[in-house]
Amino acid sequence: MKAARKSLPVQPIVAVTVAVLLLGVPFWLVLSTAGKNQAEALNPNLTPPSQWQLLENFGQVFSEGRMLTGFFGSLLVMVPAVFGVLILGSMAAWVLGRRGGKGMAIVYAVAISGIVLPPAVVTIVLLLRQMGLAGTAVGMIGVYMGMYLSTVIFFVTGFVRTIPPELEEAARVDGASPVKVFVRIILPLLVPVLATATILICLYIWNDVFYALFVVGGRLDTLPLNLYQVASAGLYLQNWHLIFAYITLMSLPLLITFVIAQRKIISGITSGAVK
Amino acid sequence: MTAVMSRQDVVRVEDIRKAKRRGGKNDHPLWFLIPALAVLVVFFFIPTLFNFIYAFTNWSSFKSSIGFVGVDNFVTLFNSGTLLNALRVTLIYAVLVAVFQNLFGLILALLLERDTRVNRAVRVAFFIPVIMSALAVGYIFQALLKPEGALNGILGFITGTDVTIPWLGDTTWTIVVVALVHSWKWMGLSMLIYLAGLKTINDDVLEAARLDGASWWTTLREIRFPLLAPAVTFNVATALLGSMNGFDVVQATTEGGPGGSTELLNIFIFRTFGQGLFAQATTMSLVLFLAVAVLAFPLIKMLRKREDVL
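Line by line, the protein sequences give chains A and B. Be aware that the first sequence starts at 60, since it is given in the numbering used here, and climbs by one per residue. Be aware that the second sequence starts at 81, since it is given in the numbering used here, and climbs by one per residue.
Because the hints were derived from the structure by calculation, they are not lab data. Predicted, not measured: the structure shown is a model, and the values here were computed from it. Treat the hints loosely; a few may be bogus.
Unchecked claim - Computed footprint of chain A on chain B; a stretch qualifies when at least three of its residues, placed anywhere within it, have a C-beta under 8 Å from a C-beta of chain A:
id	region
1	118–125
2	186–194
3	257–264
As the list claims (entries may be wrong) - Simulated restraints, written as ranges between beta carbons of each label pair:
id	chain 1	residue 1	chain 2	residue 2	range
4	B	W297	A	I165	30 to 38 Å
5	A	P71	B	V285	24 to 32 Å
6	A	Q119	B	D195	57 to 65 Å
7	B	V285	A	P312	39 to 47 Å
All C-beta atoms in this analysis are idealised placements derived from N, C-alpha and C, irrespective of residue type, glycine included.
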């Protein structure tokens, strides 16, 4: 038994079989269907297309599915929202992590409550209308920031407490202002935890469709919103080759990022979760 | 202690203490909190507060004015059965997802535990669904699970008969199927967290157990699983609360059907919002908020405890 566990020869076979069954089948379905013509794709199955027309389908969804505007729309809301939560979140987390007392504990509890509490998705639309931000990128950025600030504050506050205060003291003795201490000393030290937060929040925002449907649905293109339109529009309902071509193209940016930086991403996510 | 010190020393120590206390406040100025709190208040807390107000109004796209109607929305939703149904479906879905996602995640972690080249590659592959859009995952499985779809095709090939199981058309079992799809998307994340948890277990402990003649199963049950407790609580809590807030997978596979048997709160909210019944959507949003809050408060406590350990 002991020896068997150490050098189980069947383990790699089992691992690969499980991966092929659980991942290979769905992914092959996507790829093969994305390469079919409309008639063959009518009922998606695992048979390979009689003639691959992957690029033609890509071309069609690229123009008809407004992929480019969707891509830039997604970037337009994701980049400022992520930068915003990282900066505002770190600033707050630094003070929350360094100051003690009951008041701070309450502020901290309130600030991280958004990790678990669901956003009020209906009334946020009302509020945005009242502020004149309904359907705008700014409104969407604000909503995402409100949703994910808690996550950043939670991660960063925990991390700040592990940074020795002496590092700040040294700079302070030299007469550095709090802003200087924060920017010069604290922010660079926060890079690992901010990287983890960036990965998680990019993942959420890039793939979000629920909140986008409420806030900017029909007014601003993002990749998941356009996928939703492509897939639920009557015109496309049975056009699985186009839906799957869209899914393939839409998944590529994150997939490529992941493949390039997989080791960092994986270690970043797990180090944030189990500590 | 002061007895040993000279008077001068005492004065000096007190000076330093005072300076530290005074400095401590200015060193971490409160205004650093203001931008974050402002964003949280405007985009998170005010809408949440509005939930508690507009759930008691007749706000809709059919009227230009908004008036208070008391608990009418709750009564209507309760009497029509939609409130309890959506709440029940959401809770069942969340529990099923928490169970499946953790079971699959743990099995995968144990299967891929050793650091071999094959295992590393398979781990990366299982993380791909995590980075995909949940909506896309839903569409993939909608195609896969159609009565004439690929899964039935495979089953038919194995059994040699024509299989046409309507995986997404059963009022009893479809919720289990969509929960499985949701778990499929996220099991790679649970796996990673379990793998990280397994790595933290001291090798000496396992070596001692092995020398005592404990089998692989006994070691897992008696030693490794209890030591995985932090990973389990984290995974269960995130899966539970994440799926309470679920939408994408269900919208893409069943849109709440058949017969409302997979209608999560968020699906209901989206549908009624689309119909212009804003007050009813708000009421359900409030129900979701309260349901999660009831489940979440023990969780926040747990997270804070975990954070204190850190």
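Against the structure, the hints:
no. : hint                          : result
1   : 118–125                       : holds (count 5)
2   : 186–194                       : holds (count 4)
3   : 257–264                       : violated (count 1)
4   : W297/B <-> I165/A: 30 to 38 Å : violated (47 Å)
5   : P71/A <-> V285/B: 24 to 32 Å  : holds (27 Å)
6   : Q119/A <-> D195/B: 57 to 65 Å : violated (44 Å)
7   : V285/B <-> P312/A: 39 to 47 Å : holds (43 Å)
Hints 3, 4, 6 from the list above are not met by this structure, while the remaining hints are.
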